[in-house]
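Participant: Each chain is listed here by its residues.
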Amino acid sequence: MHEMALCESIRQIIEEQAGAQGFTRVERVALDVGAFSGVEVEALRFGFDVVMRGSLAETARLEIHQSKGQGWCLPCAREVEIAQRYDACPHCGSYQMQVTGGENLSIRELEVF
Amino acid sequence: MSQTRLIQLEADILGKNNGYAQANCAQFARDGMFVLNLVSSPGSGKTTLLCKTLEALKDTLDLAVIEGDQQTSADADRIRATGVPAIQVNTGKGCHLDAHMVGHAVESLKPAKGSVLLIENVGNLVCPAGFDLGEAHKVAILSVTEGEDKPLKYPDMFAASDLVLLNKVDLLPHLDFDIEEAEANVRRVNPRARVLRVSARSGEGMEAWMQWLKGGAMMASATLPATAPLAAE
Numbered sequence: 003m004h005e006m007a008l009c010e011s012i013r014q015i016i017e018e019q020a021g022a023q024g025f026t027r028v029e030r031v032a033l034d035v036g037a038f039s040g041v042e043v044e045a046l047r048f049g050f051d052v053v054m055r056g057s058l059a060e061t062a063r064l065e066i067h068q069s070k071g072q073g074w075c076l077p078c079a080r081e082v083e084i085a086q087r088y089d090a091c092p093h094c095g096s097y098q099m100q101v102t103g104g105e106n107l108s109i110r111e112l113e114v115f
Numbered sequence: 003m004s005q006t007r008l009i010q011l012e013a014d015i016l017g018k019n020n021g022y023a024q025a026n027c028a029q030f031a032r033d034g035m036f037v038l039n040l041v042s043s044p045g046s047g048k049t050t051l052l053c054k055t056l057e058a059l060k061d062t063l064d065l066a067v068i069e070g071d072q073q074t075s076a077d078a079d080r081i082r083a084t085g086v087p088a089i090q091v092n093t094g095k096g097c098h099l100d101a102h103m104v105g106h107a108v109e110s111l112k113p114a115k116g117s118v119l120l121i122e123n124v125g126n127l128v129c130p131a132g133f134d135l136g137e138a139h140k141v142a143i144l145s146v147t148e149g150e151d152k153p154l155k156y157p158d159m160f161a162a163s164d165l166v167l168l169n170k171v172d173l174l175p176h177l178d179f180d181i182e183e184a185e186a187n188v189r190r191v192n193p194r195a196r197v198l199r200v201s202a203r204s205g206e207g208m209e210a211w212m213q214w215l216k217g218g219a220m221m222a223s224a225t226l227p228a229t230a231p232l233a234a235e
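Protein chains in written order, with the working numbering: chain A, 3 to 115; chain B, 3 to 235.
Treat each hint with caution, since some may be false.
[What the hints assert, rightly or not] Below, computed lysine-lysine pairings styled on DSS-like, alpha-carbon distance capped at 30 Å:
id: 1; chain 1: B; residue 1: K95; chain 2: B; residue 2: K216
id: 2; chain 1: B; residue 1: K155; chain 2: A; residue 2: K70
id: 3; chain 1: B; residue 1: K95; chain 2: B; residue 2: K112
id: 4; chain 1: B; residue 1: K60; chain 2: B; residue 2: K112
id: 5; chain 1: B; residue 1: K60; chain 2: A; residue 2: K70
[Claimed, not checked] Distance ranges between label pairs, derived from CB positions:
id: 6; chain 1: B; residue 1: G21; chain 2: A; residue 2: Q86; range: 26 to 32 Å
id: 7; chain 1: A; residue 1: Q86; chain 2: B; residue 2: L173; range: 38 to 44 Å
id: 8; chain 1: B; residue 1: E109; chain 2: A; residue 2: G21; range: 25 to 31 Å
id: 9; chain 1: A; residue 1: R27; chain 2: B; residue 2: G21; range: 24 to 30 Å
id: 10; chain 1: B; residue 1: G105; chain 2: A; residue 2: G24; range: 28 to 34 Å
id: 11; chain 1: B; residue 1: R196; chain 2: A; residue 2: Y97; range: 32 to 38 Å
id: 12; chain 1: A; residue 1: R80; chain 2: B; residue 2: A114; range: 36 to 42 Å
id: 13; chain 1: A; residue 1: E83; chain 2: B; residue 2: E183; range: 25 to 31 Å
id: 14; chain 1: A; residue 1: G21; chain 2: B; residue 2: Q5; range: 40 to 46 Å
id: 15; chain 1: B; residue 1: S75; chain 2: A; residue 2: E42; range: 29 to 35 Å
id: 16; chain 1: A; residue 1: G24; chain 2: B; residue 2: A114; range: 45 to 51 Å
id: 17; chain 1: B; residue 1: S75; chain 2: A; residue 2: V52; range: 26 to 32 Å
id: 18; chain 1: A; residue 1: Q100; chain 2: B; residue 2: M221; range: 50 to 56 Å
id: 19; chain 1: B; residue 1: M221; chain 2: A; residue 2: R27; range: 48 to 54 Å
Read the hints as simulated data drawn from the structure, not as lab findings.
From the three backbone atoms N, C-alpha and C, an ideal C-beta is built for every residue, glycine too.
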């Protein structure tokens, strides 16, 4: 969706952290990307290279940890894995499902000099 | 080779926007404002629906509009023609409004306390879903000239919306659009969403939408201190 804007946020966070934590170069950026975060991983990779040019993360390796979508099935009363927001429960076929995981989009860690 | 070190962050990438959104939201609550974020694909009839709504309500409510578009001020001009103050935000290369832009727009627009602020987002069913602006509700507008399966194709947006307006229902006799299926698809993605069938052109269903809007405005402004009675001449 708006991967360029997200990459700009990542760059801002890195620059703020560089000031706070005192580093001058980033070796690796690890992200957590949930299945329902609306992010296209390939577009994010592309945007990352473009946006990081001229920054202290210019040569950084981008590591993306994708997590699956999770829902709470009300009839089964348990957590199940779902591929789409509107998927039925894989065990009982019910649509009484609350999305409980997969919306996250965060920087997990930075490896820095 | 110099030594690297690891910084554990767990920093939310949308955190900055969410911070601005929270600030907007707090300001809207303090000022008793009812704020809606209108989202749809391009061509759903969003601006026409907005103009008709403003014309019908401008004598009973304080209204203001923020118009988001990639380019041109055409839409804000249409809104201002109704007599309601409007400000255009051009996102340039951006595909959505963010909370920071909205905060600035509110600063220059200076909407009245207890007013209704309608934010017309960029016509796009994808990106605006991820960017909270501090609004009370997202309202998705889906016209019946689009497909019934749009809620399934763009589930994030329909899951984030509290109200769905099915617009252009006056055209239903000429289309193969299955409105029951469209509503079922909305419910599949978001069981809590209200769905209203409207036509901005014929006026059908518009009363229900405006009642919903007035109800929200009343609740939002209920927290404002009562205005001091005017001194007798």
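Participant: It remains to establish, for every hint, whether it holds in the given structure.
Facilitator: Hint check:
Distance hint between K95/B and K216/B is unfulfilled; the C-alpha atoms sit about 35 Å from each other, more than 30 Å. Of the pairs offered as hints, the one joining K155/B and K70/A holds, with about 19 Å between alpha carbons and a cut-off of 30 Å not exceeded. Between K95/B and K112/B the alpha-carbon distance is near 26 Å, which keeps this suggested pair within the 30 Å criterion. Of the pairs offered as hints, the one joining K60/B and K112/B holds, with about 17 Å between alpha carbons and a cut-off of 30 Å not exceeded.
Restraint check for K60/B and K70/A: the C-alpha separation of about 47 Å exceeds 30 Å, so the hint is violated. The hinted range of 26 to 32 Å is satisfied by G21/B and Q86/A, whose Cβ atoms lie roughly 30 Å apart. In this structure, Q86/A and L173/B break the distance hint of 38 to 44 Å, their C-beta atoms being roughly 30 Å apart. Distance hint check for E109/B and G21/A: the Cβ-Cβ separation is about 27 Å, which falls inside the suggested range of 25 to 31 Å.
Distance hint check: the CB atoms of R27/A and G21/B are about 27 Å apart, consistent with the given range 24 to 30 Å. Range check, G105/B to G24/A: Cβ separation about 31 Å, and the 28 to 34 Å hint holds. Under the hint 32 to 38 Å, the C-beta atoms of R196/B and Y97/A, about 18 Å apart, miss the expected range. One distance hint, 36 to 42 Å for the beta-carbon pair R80/A and A114/B, is violated here, with the actual separation near 50 Å.
The beta-carbon spacing between E83/A and E183/B, approximately 27 Å, falls within the hinted interval of 25 to 31 Å. Distance hint check: the CB atoms of G21/A and Q5/B are about 20 Å apart, inconsistent with the given range 40 to 46 Å. At roughly 31 Å, the beta carbons of S75/B and E42/A sit within the given window of 29 to 35 Å. A beta carbon spacing of about 48 Å between G24/A and A114/B agrees with the range 45 to 51 Å that was offered as a hint.
S75/B and V52/A have their C-beta atoms about 29 Å apart, which keeps the hinted 26 to 32 Å range intact. Checking the proposed 50 to 56 Å range against Q100/A and M221/B shows it is violated: the Cβ atoms sit about 26 Å from each other. The hint said 48 to 54 Å for the Cβ distance between M221/B and R27/A, and at roughly 52 Å that hint holds.
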